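Q: Sequence:
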Amino acid sequence: MTVSSLSDDLLDQLRTAMAVELSTLPPYLYAWWSIRSRKDGGSAAAAQASRLLLSVVYEEMLHMGLVSNVLAALGGRPAITDSAYLPTYPGRLLDHSRSINPFTVTLDRLSPRSIGTFLDIELPADQVPDTPSPDTWSTIGEFYATLKTELPTHDAAYGHGRQLPRRDNPGAGGLRAVDSYAGANRAIDEIVHQGEGLTSHRAHDGDHELAHYFKFLAVQSLVDSGQLDLDADVWPVVTDPNTNSEHYTAAQRAADHRFSITWSGLLDSLQAALCSPSPTIYGPPTQFMNVLGQRAAALRATGEVPGTGQLAGGTQGGGTLAQD
Numbered sequence: 004m005t006v007s008s009l010s011d012d013l014l015d016q017l018r019t020a021m022a023v024e025l026s027t028l029p030p031y032l033y034a035w036w037s038i039r040s041r042k043d044g045g046s047a048a049a050a051q052a053s054r055l056l057l058s059v060v061y062e063e064m065l066h067m068g069l070v071s072n073v074l075a076a077l078g079g080r081p082a083i084t085d086s087a088y089l090p091t092y093p094g095r096l097l098d099h100s101r102s103i104n105p106f107t108v109t110l111d112r113l114s115p116r117s118i119g120t121f122l123d124i125e126l127p128a129d130q131v132p133d134t135p136s137p138d139t140w141s142t143i144g145e146f147y148a149t150l151k152t153e154l155p156t157h158d159a160a161y162g163h164g165r166q167l168p169r170r171d172n173p174g175a176g177g178l179r180a181v182d183s184y185a186g187a188n189r190a191i192d193e194i195v196h197q198g199e200g201l202t203s204h205r206a207h208d209g210d211h212e213l214a215h216y217f218k219f220l221a222v223q224s225l226v227d228s229g230q231l232d233l234d235a236d237v238w239p240v241v242t243d244p245n246t247n248s249e250h251y252t253a254a255q256r257a258a259d260h261r262f263s264i265t266w267s268g269l270l271d272s273l274q275a276a277l278c279s280p281s282p283t284i285y286g287p288p289t290q291f292m293n294v295l296g297q298r299a300a301a302l303r304a305t306g307e308v309p310g311t312g313q314l315a316g317g318t319q320g321g322g323t324l325a326q327d
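Going by our numbering, the sequence shown opens with residue 4, and the numbers climb by one from there.
Please keep in mind that the hints were generated in silico from the structure rather than gathered at the bench.
All of these numbers come straight from a predicted model, not from anything done at the bench.
Careful, some of the hints might be misleading.
With beta-carbon atoms standing in for the labels, derived distance ranges [stated by the list, open to error]:
id	residue 1	residue 2	range
1	SER114	ARG54	15 to 23 Å
2	THR91	GLU307	34 to 42 Å
3	GLN230	HIS163	48 to 56 Å
4	ASP192	ALA221	22 to 30 Å
5	ARG95	THR283	14 to 22 Å
Cβ coordinates follow ideal geometry from the N, Cα and C atoms, glycine included.
Could you build all of it, start to finish, from the sequences and the hints given here?
A: Structure representation (structure tokens):
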């Protein structure tokens, strides 16, 4: 089976799957960056919440890698930097899909609202009362279930190589090489189980880790119990910086531009790395990810956004200054 004989819809859905996984990173990272570290006065509960969010971020990166391996095995190429697949905020997580359960994802500090959004993102399919039709879905799990029905069943279709190696595994679970129909199914099952768990009554993902949905429930429990004080443990960064950055000072706009350039560099480096003959997420992508956190801290350190009482947060808009 050749690439040209594959369904265009399948390749689009695989690229959409990569976009979905990528789309979770900015809201999760934005909330993670808002948590005060112990050296900045954060509590033990804040440190616990920080570890939980960071573990989810690593696993979302793993999910991108797994989908990339499926796409590459079928002879397709990622389209991370294609405007049709780029995430925007506020916006719908499954903006390119046929979702019947739309909800808006925004960039927000750790808060009841952001935790609620994270639970919506990772919602187990068996908690949705209505069964979708074959052309619609309500959760990421249902999205992947539909995608699996479109996979070619002949192993010969998966012989195109260019696989991320197992050593590039950034999170718990397995970064699997895909060279067969069974391998593609295992890769997708890994993604779904890590996100929503084996079922809504089984909190673990099969890798002896809490699934993402239950990790966010654990963060919510820290808040509800009063162990995590959202006033003392969380930096008051501005909500929805993409639409509220017009109040930034000149220094904040410059810092935001540097953040945006780093975000763009991360996407460019991921696209180049995953399309190379020997894909890897280490090297430039990892370096850009590390610098991105530094840029977020530098932006926050510029102080309050005038008239808001909140600290500046990073957009992904590219800025209006000349690239530095």
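Q: Taking the earlier hints as the rules, which of them does this structure contradict?
A: Per hint list: 2 and 5 violated.
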